[in-house]
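Chains as they are written, first to last, in the working numbering: chain A, 1 to 358; chain B, 1 to 358.
Heads up, a few of these hints could be off.
Stated by the list, open to error - Across the chosen pairs, the derived CB separations fall in these ranges:
1) 316(A) with 353(B): 47 to 53 Å
2) 345(A) with 316(B): 35 to 41 Å
3) 108(B) with 28(A): 48 to 54 Å
4) 130(B) with 55(A): 38 to 44 Å
5) 357(A) with 49(B): 56 to 62 Å
If you are wondering where the hints come from, they were derived from the structure by calculation, not from laboratory data.
The C-beta atom is built at its ideal place from N, Cα and C for all residues, glycine as well.
Protein chains: 2
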Amino acid sequence: MSWAITNPAMPSSDIINRKRLLATLAGETVDRPPFWLMRQAGRHLPEYRTLRDKTRNFLEFCYTPDLAVEATLQPVRRYHPDAAILFADILLIPDALGQPLDYLAGEGPVLEPIRNADGLTRLSRQGIHEHLSPVYETVTRLAAELPDDVALIGFAGAPWTVATYMVEGGGSRDHAHTKRWAFGDPAGFDRLIDLLVEVTIEYLDRQVLAGAEVVQLFDTWAGALPEAAFRRWCIDPVRRIAGALKNRHPGLPIIGFPRGAGQSLTTFVRHAGVDAVSLDSTIPLAWAADVLQPLVAVQGNLDPQMLAVGGSAMAAAIDDILAQLGGGRFVFNLGHGIVPDTPPEHVAALAARIKQKA
Amino acid sequence: MSWAITNPAMPSSDIINRKRLLATLAGETVDRPPFWLMRQAGRHLPEYRTLRDKTRNFLEFCYTPDLAVEATLQPVRRYHPDAAILFADILLIPDALGQPLDYLAGEGPVLEPIRNADGLTRLSRQGIHEHLSPVYETVTRLAAELPDDVALIGFAGAPWTVATYMVEGGGSRDHAHTKRWAFGDPAGFDRLIDLLVEVTIEYLDRQVLAGAEVVQLFDTWAGALPEAAFRRWCIDPVRRIAGALKNRHPGLPIIGFPRGAGQSLTTFVRHAGVDAVSLDSTIPLAWAADVLQPLVAVQGNLDPQMLAVGGSAMAAAIDDILAQLGGGRFVFNLGHGIVPDTPPEHVAALAARIKQKA
């Protein structure tokens, strides 16, 4: 398996020479920084919007390997990034656990909220991997179909972020219900987090067995928590997931993305057990180079709105990131996902600019 | 004027002995940390909701000194905090500049957006201080009516945050239009920021002349920007405002609140020229004590959702903040405003807990 490249007993293999992302995450020197972009597959691509029209139901889209494979491959054909990330959604886990979930146009996900520990009885782990098996099939097919130099990233939402959707019943600005449960009944809330930790380990384990070479944990709402709560519900769950996956798959590279972690980012990097950290757009580059890059690979962090702006402003911002982080372990990416009205030509210009650094 | 207490030529006055907030901001030792709470006046108080029903128009409410004075005083009567903050809104400045503004129930503020430098011609500084004169009258009356030991805080939105509302036409999750203007036409966007800097200086100068003893600049959306943009559009405008106000009013204490500044908070503190920094709830306490408190007074940072939870969890969180920050220059506050469904009894319990530390 390709992640075995970090086994020190093995010489650099052909795989490492082909796949810049894996080489970088293993600490090898590459000809230029690898790049991929969060939400590179999705609504900014006209061919995605056409594909998406084939079913009205977003969950059905995620659970149909033909569609999910095609969605994953579309940006690879256009931009030839150094990695593709499985097309799926962080809320497939609550769906598999039996929490009713729907995606309403213009509103995003809507779930029947679980507001306290009593509500956990509505969830069941029975049969979740049969439910999620189309995702594993998608990974298997992608591993076979991707170009030789493109790494395959599996992913899941980190437990805190998934929990916010489960408790709020959807997206939220202040995560009021989730915080009130967590602050008021921390032991009860731990039970939800523990369940998500265990299920996420199994989910990512199966993605790796199916062919994912790297996994990323998205903690989109990590920036909502005070420090003690951040340690308990963001760092610790990621540490447990990363530890379990590395036990089963020694050398598997794991990328953490505690978006908005701000002043707690160093603590995350020191304790979460990840190989790389994805930086949101607010993280100062010189600080990241000085403090984080000696500890882990860093990934990021162009502002997605700068990609939407394009032109010379975007080119200057790309060059600045490359200049400040390109000297160490570095994966070029955005600080958050591509926004839907981003012109694909801007993404193509970004890809060309990074490739010319080779 | 009471802010003259920090003039080294003057001995500690009775005022400093009476007003814990001013003493703390001047670096004096006090019997216990002063406290006040962002949005202590407002919807969580039943008496505010009754007062608010007297007019359907929120702008009219802000521009009616009888109502604004009463709204400011209500939490002082209930909780007797160490400071009252003028009841007003950060969008009075765009309103005074002639940008049509309305507050829609459940939607918050709605403005006719200005999306580029051409739109600036729709703004005019003519007569803005006549327009804002009810605010100054409110400050004058508050200065006369507040208890002797309660300091009066004036405030304004910081230019970046006010600009986001002016450009987006209201609240926004990703500030897409504002960032695209700023990133794509930084010199044109500077003109909007420069206008806001100049007008904010005049606005706060008049608040101080009317009796405000401290001013706070709220940069609610500071956490949206990459580092270079944060320096240009968050730090630099605050530095210019603080510098101009201190020129006119030597010793005036100024509190900055760059919410979400995260890893850039130290840079803010070193360069913005403020006397105190208000910390959002994510800022680690030990770090703030080590790095920030030697430089400025710190204010914060209980999570408003913890105040909504109340009870022993809140008490423990308050004690932790007091233990970690109470040894230095410190003003107890929340990390963001009180949320509307917070029980007033929880706020009273918070006030009692801090007062018993004396």
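Now for the hints, and whether the structure bears them out:
no., hint, in the structure
1, 316(A) with 353(B): 47 to 53 Å, "holds (51 Å)"
2, 345(A) with 316(B): 35 to 41 Å, "violated (54 Å)"
3, 108(B) with 28(A): 48 to 54 Å, "holds (51 Å)"
4, 130(B) with 55(A): 38 to 44 Å, "violated (60 Å)"
5, 357(A) with 49(B): 56 to 62 Å, "holds (59 Å)"
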